[in-house]
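Protein chains: 2
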Amino acid sequence: MDIKELYESYEKYLDKEITVCAWIRKHRKQKEIGFIELSDGTCFKKLQVVYDLSTKDFDMVQKIHFGSSIKVTGSLVKLERGGEIELKAKEIELVGDCPEDYPIQPKKHTREFLREQAYLRPRTTLFTAVFRVRSIAAMAVHQYFTSHGFLYLQAPILTASDCEGAGEMFQITTQDLDKIAETGAVDYAKEFFKKKVSLSVSTQLEAETFAQAFKKVYTFGPTFRADPSNTPYHAAEFWQIEPEVAFCDLDGIMEIAEDMLRFVIGYVLEHAKEEIKFLDETVEEGLIDKLTRTMNAEFKRVTYKECIDILKKADRVWEYVPEYGADIAKEHEKYLTEYFDCPLFITMWPKELKSFYMKQMEDGTVAGADLELPGIGETFGMSQREEDYDKLITRMKELDMKLEEYDWYLGLRKYGTCKRAGFGIGFERLLMYLTGMKNIRDVIAYPRTEGSCKF
Amino acid sequence: MDIKELYESYEKYLDKEITVCAWIRKHRKQKEIGFIELSDGTCFKKLQVVYDLSTKDFDMVQKIHFGSSIKVTGSLVKLERGGEIELKAKEIELVGDCPEDYPIQPKKHTREFLREQAYLRPRTTLFTAVFRVRSIAAMAVHQYFTSHGFLYLQAPILTASDCEGAGEMFQITTQDLDKIAETGAVDYAKEFFKKKVSLSVSTQLEAETFAQAFKKVYTFGPTFRADPSNTPYHAAEFWQIEPEVAFCDLDGIMEIAEDMLRFVIGYVLEHAKEEIKFLDETVEEGLIDKLTRTMNAEFKRVTYKECIDILKKADRVWEYVPEYGADIAKEHEKYLTEYFDCPLFITMWPKELKSFYMKQMEDGTVAGADLELPGIGETFGMSQREEDYDKLITRMKELDMKLEEYDWYLGLRKYGTCKRAGFGIGFERLLMYLTGMKNIRDVIAYPRTEGSCKF
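Residue numbers (the working numbering), protein chains in the order written: chain A, 24 to 478; chain B, 24 to 478.
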């Protein structure tokens, strides 16, 4: 029986004999009595088990190690003090021992240490909370888009084009690298795909092809960047959410981005109540308050030019002096979100700062926006896409792009083109915001970063 | 406005002026009147638009090409005959033209041809149905596991181990293959991860690590096999659903597999009613009946030995003579599912035929099972996993596996081990069953097979 079920319907089981299989998360021993905190991971709460001399094999039970899996048969009782439930053990059976060299001990471990033990860390209270939130937030994303009529596109990872030139790519090969090294020349005819193929950095271009058939689509899957930045924000493998909507402009996509964010926060606050409370208490003080404020906030829309104006007028000494045409730095983002004291879309950027596919306006800007959240700055970007064949091709030529690799992407502008817009969220960045965790390595089950690919 | 919304709440919009943006899927022109079938992909049904001499720019409208995107303003009327709704156009605006070299024409195209035009095929009625079913079935999978308390694990794609040796892997590199070829030796110190890293063929091993913390987990993401088999069933990139449950045996996991399959079929029949009806009419006659029967069938459990007994007694000439110890061939599967006339779990296989991680029994079998469905044979496999450290390590040594690559996997058997079981479903195989499509290339947005990686 799941401990979750026990808590949700405990009245059904009170004073009845039940059996629970789970792992020992704490074991306090006294002379004639013992207390075990039991977790099976089905819910955040642990179950208290009490045993005493009336329990079968009392002496053996006292020797069971922390971390072991056990099977407990006993009766569920409700305590008068506090009203909590606990399991009074008739029999406790050792299922799987956990010897004393177990790396996780009932004490505080650093997050760095736990990263080295990534296959064991989901057993800790902290990571039980983090990965449950991840699971729930993922479901929130699916729920949001499904209930709004979006088609879920499972886009390819293996790709022969490099999307937006958005980052360094991992190339794949089915030849032995050692053999290639011996031969003196790569023979692509021997490759599985007979050509150079890499891992996708973004599914946007493919999502656009489906948006032109289904109007509203989203992708949600892993993407890859061979980015050696050793920061708390970068991982080589990360999940992205990329919706794409036909007949939609920048205003429309900002509305969807805002609406989705509110929904996901609300869903997580509702479905991961205990986990979020724990994270608020132990990881980021004020987490619930921060999330609730964002959920209820007005989201402002301010142009890039207005932002630079405000920054220029600010009575500050900047590390990077704000300039028209230059990017908005972290310190500027911080100032702006404090200035407006609410989530902020910075819109209409100089085209030189943004990707080739963004819709070009007559004044040299593009219809793109970045969402800035108080406390963390830029979270994700969105844009209306250039739907005009000639304008798009002119821009791609300016940027020296290989047009022949994009014939199908250009084809979308030839055959029944229309306005369209989309955004891309790094799911892990969103999770860092939702959990308060400060390092991307701590919201990914098995993080892949430069020099690190274990488990 | 979405066409879906129009159909769902048409009473709200009857005789009111509305605007719809969508693509022309059919255009019939008469002298003083014209009919346009409009699709925006938000629902399977198309919307009929009627225009006549009272419509603005009648002559221009008559020239609008098939495939173009248009914006129609008009009033929604309900037809007396049939009770269908149609949009009487006051004004039709051309949004994006679709010139006559458009590869998709309003006629029957072969599926082979459409594969070449994969970025346009979602605009056809057939692929509108197929990819909507894919999206709905994916949501069904998430709904099933979420509502049963499973944690969704987004497992890594990049991996330094080869899981089960289940298939040829794609290796990744961040060095230029041409440069490697020039140097005469691979320098792994120059690689992003400083070692050999490949794309995962299965997430099972990682799922097991999480099952030992959360009890019930599942993964659902892309996996990769560099399998050159040029068959209708093999793709190099495919999505897998891999649940893993702690404190669960083979019987328990068969129950979950059965329950999940029933749920997904029921969900698709309910949420993709029109798509499935269309597929039944045009792709696989009797599709709805087949799915309904499977959903309601009793699933039998028969041991491998019993199956071989039955096959040996059969009055048949076999291409492969059934033998104890030999695999069960396609022709045998067909015979057995007809013999039992229901879905069938074939259980307790000789260990030589199955993977290293399956639970070993005293009689030389393993606690694994394959699910066979009438009409298609083997669909997916499941097993109880070996939870005993010593037995597992002995088997791995027999198979000459590199133990040091699996230290963490073995660690699971050292620290709080317990019974556990899981299964793995190739999502595309399931989709072929659900849609009746006979080629895996036709249920994947952008299929990757040997020599083929376009878009």
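It should be emphasised that the hints constitute simulated quantities derived from the structure, not laboratory data.
Just to be clear, a hint being listed does not mean it is correct.
In this list, chains with the same sequence are indistinguishable; a pair is considered to hold if it fits within one copy or across any two.
[Said to hold, decoys possible] Derived EDC-like pairs: lysine to aspartate or glutamate, alpha-carbon spacing no greater than 16 Å straight-line:
hint, residue 1, residue 2
1, Lys217, Glu342
2, Lys219, Glu473
3, Lys130, Glu109
4, Lys414, Glu375
5, Lys213, Glu473
6, Lys442, Glu116
7, Lys219, Asp199
8, Lys213, Asp250
Now the hints, each set against the structure:
In this assembly of identical chains, the alpha carbons of Lys217 and Glu342 never lie at most 16 Å apart, being 49 Å within a copy and 36 Å across copies at closest. With identical chains, the CA atoms of Lys219 and Glu473 are at most 16 Å apart between copies only, with a shortest distance of 13 Å across copies and 22 Å within one. Proximity of Lys130 to Glu109 under the C-alpha cut-off of 16 Å is found in neither arrangement, the shortest distances being 24 Å within a copy and 69 Å between copies. With identical chains, the CA atoms of Lys414 and Glu375 are at most 16 Å apart within one copy only, with a shortest distance of 15 Å there and 62 Å across copies.
In the homo-oligomer, the alpha carbons of Lys213 and Glu473 lie at most 16 Å apart only across protomers (11 Å), although the nearest pairing inside one protomer, at 29 Å, exceeds that limit. In this assembly of identical chains, the alpha carbons of Lys442 and Glu116 lie at most 16 Å apart only when taken from different copies (14 Å versus 65 Å within one copy). Within a single copy, Lys219 and Asp199 get their C-alpha atoms as close as 15 Å, and across copies as close as 10 Å, so both meet the 16 Å cut-off. When the C-alpha separation of Lys213 and Asp250 is checked against a cutoff of 16 Å, the pair qualifies only between copies, where the shortest distance is 14 Å, while the shortest distance within a copy is 28 Å.
In this structure, the hints that do not hold are numbers 1 and 3, in rising order.
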